Amino acid sequence: MLRIIVLLAFAIVYGLQLLNLKLGSLLSPGPGFFPLILLALFISFLTIEAVQQTKRKSQKISSSYILALIKKQWITFVFLICTIAYVFILKKIGYFIASLLYVFVLTALFEVASLKDLRNWRLWARCLFTTIGIVGTVYILFNFAFKIVLP
Amino acid sequence: MDLLVQLMKTAIDPQVLINICWGFLVGLFFGTVPGLTATLAIALLLPLTFGFPPHIALAVCGGIFMGGMYGGSITATLINIPGAPANAITAIEAYPLTKKGQAPRAMRVAAFCSSLGGILGVILSVILLYPLSKLFLAFRSEDKAVLIIFALVVSALLESRAIIKGIVATLFGMMLATIGLDYFTFMPRITFGVKPLIRGLDLLTVVVGAFCVAEVLTQLGQRLGAVDLKGVRATLRSHSWKEFVFNRDDLKEVGILNILRSALFGWIVGVLPGGGGAMASLINYSFARAFSKKKAEYGQGSVEGVGAAETGNNAMCGGAAVPMVLFGIPGDSVTAIILGVLLIHGLIPGPYLLIEQGHLVAALYAGLFVAAVLVYLTFLLAARQYVWLCSVRKSILYPFIMLAALIGLYGSTYSFDQLLISGCLGLIIWYLRSGGYPTVPFLMGFILGPLLERFVRTTLSMKSYSAFVTSPISIALWILTLLSIFIFGFWLPKLLKRS
Chain A
2 MLRIIVLLAF
12 AIVYGLQLLN
22 LKLGSLLSPG
32 PGFFPLILLA
42 LFISFLTIEA
52 VQQTKRKSQK
62 ISSSYILALI
72 KKQWITFVFL
82 ICTIAYVFIL
92 KKIGYFIASL
102 LYVFVLTALF
112 EVASLKDLRN
122 WRLWARCLFT
132 TIGIVGTVYI
142 LFNFAFKIVL
152 P
Chain B
3 MDLLVQLMKT
13 AIDPQVLINI
23 CWGFLVGLFF
33 GTVPGLTATL
43 AIALLLPLTF
53 GFPPHIALAV
63 CGGIFMGGMY
73 GGSITATLIN
83 IPGAPANAIT
93 AIEAYPLTKK
103 GQAPRAMRVA
113 AFCSSLGGIL
123 GVILSVILLY
133 PLSKLFLAFR
143 SEDKAVLIIF
153 ALVVSALLES
163 RAIIKGIVAT
173 LFGMMLATIG
183 LDYFTFMPRI
193 TFGVKPLIRG
203 LDLLTVVVGA
213 FCVAEVLTQL
223 GQRLGAVDLK
233 GVRATLRSHS
243 WKEFVFNRDD
253 LKEVGILNIL
263 RSALFGWIVG
273 VLPGGGGAMA
283 SLINYSFARA
293 FSKKKAEYGQ
303 GSVEGVGAAE
313 TGNNAMCGGA
323 AVPMVLFGIP
333 GDSVTAIILG
343 VLLIHGLIPG
353 PYLLIEQGHL
363 VAALYAGLFV
373 AAVLVYLTFL
383 LAARQYVWLC
393 SVRKSILYPF
403 IMLAALIGLY
413 GSTYSFDQLL
423 ISGCLGLIIW
433 YLRSGGYPTV
443 PFLMGFILGP
453 LLERFVRTTL
463 SMKSYSAFVT
473 SPISIALWIL
483 TLLSIFIFGF
493 WLPKLLKRS
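Sequences listed follow chains A and B, in order.
Going by the numbering used here, the first sequence runs without a break in its numbering and finishes at 152.
Going by the numbering used here, the second sequence runs without a break in its numbering and finishes at 501.
No lab work stands behind these hints: they were computed from the structure.
For clarity, every value in this text was computed on a predicted model and none was experimentally measured.
Where is the CB? At the ideal position from N, CA and C, for every residue including glycine.
One thing to keep in mind: the hints can contain errors.
[Stated by the list, open to error] Derived BS3-like pairs: lysine-lysine, alpha-carbon spacing no greater than 25 Å straight-line:
{"id": "1", "chain 1": "B", "residue 1": "LYS101", "chain 2": "B", "residue 2": "LYS254"}
{"id": "2", "chain 1": "B", "residue 1": "LYS254", "chain 2": "B", "residue 2": "LYS297"}
{"id": "3", "chain 1": "B", "residue 1": "LYS232", "chain 2": "B", "residue 2": "LYS102"}
{"id": "4", "chain 1": "A", "residue 1": "LYS56", "chain 2": "B", "residue 2": "LYS496"}
{"id": "5", "chain 1": "B", "residue 1": "LYS296", "chain 2": "B", "residue 2": "LYS101"}
{"id": "6", "chain 1": "B", "residue 1": "LYS197", "chain 2": "A", "residue 2": "LYS92"}
{"id": "7", "chain 1": "A", "residue 1": "LYS23", "chain 2": "B", "residue 2": "LYS465"}
{"id": "8", "chain 1": "B", "residue 1": "LYS297", "chain 2": "A", "residue 2": "LYS93"}
{"id": "9", "chain 1": "B", "residue 1": "LYS102", "chain 2": "A", "residue 2": "LYS23"}
[To be verified] Partial selection, computed: residues in chain A whose CB lies under 7 Å from chain B:
{"id": "10", "residue": "ARG4"}
{"id": "11", "residue": "LEU39"}
{"id": "12", "residue": "THR48"}
{"id": "13", "residue": "ILE49"}
{"id": "14", "residue": "PHE80"}
{"id": "15", "residue": "ASP118"}
{"id": "16", "residue": "THR131"}
Using the sequences and the hints, build the whole thing.
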């Protein structure tokens, strides 16, 4: 149900954007004509989906449910924050340092399975070597083989 | 015939051949490793194709496509984990054979049938492409609009288990495609006040978000443990290389008719927009089971079932490229990205592409053809070593994919904004996918939405809305659409449930 709410929110924002566009007529459609049809269809099918979901047993959305979801998906949030941060620091400090930091965090996210692993120095060493290998390989591939100028 | 000659000429060009070979190996690797798919491989390659001549880029894509489609059967057979959804059916029949100590038999049948299916699919496509292109020349804007509606309906029905979710995903893709400049008035629309969105969303940005970022997110969530491959390695080593050669008894058991029927149905599923390998193998498996004299073997390890599924999904590759080349309508997710390769090189799909630049179409089919041959050849050479492909660590693979995808996207757009947009899109698509909203209809909607709008608005401006229901071709396509809704929405799900 949460997904339907998210999609519905998108539909509302999309619909508000449509207010500024000319719709035109059926024989001379404007830029807002086609998006309006899409929006109408989208909301209709979303409503059908919502009705179908309410018939099924579904999880009630409460603050505790959202907190549990965040707890379960913490790794996703860390990944996203890192990716956004990477794009910003890539611009500022260039490919090597930014990529080393980013890939190291990503490798650690895949390697670390429990809190015990945090004390395992071998795991961290493996992460470090993997990171250096990946960043170096991508640099060679793009800079030399594909001749792309990296930031 | 021209296309066949061009295909042969391209296939023996050493430069093309070398590129197909590495493309095939990349596809094989991505197909074999669970979680990685040929779609992801081509998505990663997409930014890099800027630097390649178009015929090489297309040939490489062909190689990756075929290699990836076959690769999934290796893990499906050996460890019961299909490398891709297209090989899920193979796992049902091939893994029980492995458990009975008949892994070489299951592997050789899968490899031979994949190879043969791939070759037959390419031959069928090459023969039928020219007649189909002549037919398409008669299409007017209203017919093209109805054809796209047909494609969108079929893709939404075929790709998803829940039809409504498929339709919502398709419409969501179409809505995102409306962001940016209007094709007719050049007015910015639906930009949400964000400046970088004025130029719209690039296909490349969407592909990286949908197939790379979303996939890494999925894998982070799953965190599967490493598979113990020691036992499998020991089993494979205990067999001599002769046991990996497909023989006459295997052919008898699989059945020539079964292979030919599976190739034909696989090809037809490929031609249908959004069909894909999973649907091709599922339909062929169901038919093979329905017509089989050894029904009791199914589920316990049926060579016939393995043959049907693998012939079908590889024959699909040739078929999937047909609507992409002729109409610009992708047959599945891989051809949707290959379409991006065409667009990056400024090539417009359609009958004129075939007539004026047939060598490019020939290059794509040469890639598929050579890779189909390589499937069996590499199997004979390295079957016992294939298990090594499954042992690559996730912690190496996915960070590499993520970095290569982001840097590749930056390299082709030189825009940091596109990186952020692809990250946000990846999150949205991952979130929707985890709720059962399929990705392929979303991508189809994103690609076909702008085309549909263009044809609808052209028809309405030049003619009238009645043109959509009075043109004979449009009427035929509407009937076909309704028929598809009945077949794929009601009849086929019932049939598959029963079998």
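Hint-by-hint comparison with the structure:
1. LYS101/B - LYS254/B: Answer holds: LYS101/B to LYS254/B is near 23 Å, not above 25 Å.
2. LYS254/B - LYS297/B: Holds, at roughly 16 Å.
3. LYS232/B - LYS102/B: Status holds; Cα separation ~17 Å.
4. LYS56/A - LYS496/B: holds, 22 Å
5. LYS296/B - LYS101/B: holds, 20 Å
6. LYS197/B - LYS92/A: holds, 18 Å
7. LYS23/A - LYS465/B: holds, 21 Å
8. LYS297/B - LYS93/A: violated, 64 Å
9. LYS102/B - LYS23/A: violated, 68 Å
10. ARG4: Since the shortest Cβ distance to chain B is 4 Å, the answer is holds.
11. LEU39: holds, 5 Å
12. THR48: Status violated, d = 10 Å.
13. ILE49: holds, 5 Å
14. PHE80: holds, 6 Å
15. ASP118: This interface hint is violated because 12 Å lies over the 7 Å limit.
16. THR131: Result: holds, 5 Å to nearest chain B Cβ.
Going through the hint list in order, the structure does not satisfy hints 8, 9, 12, 15.
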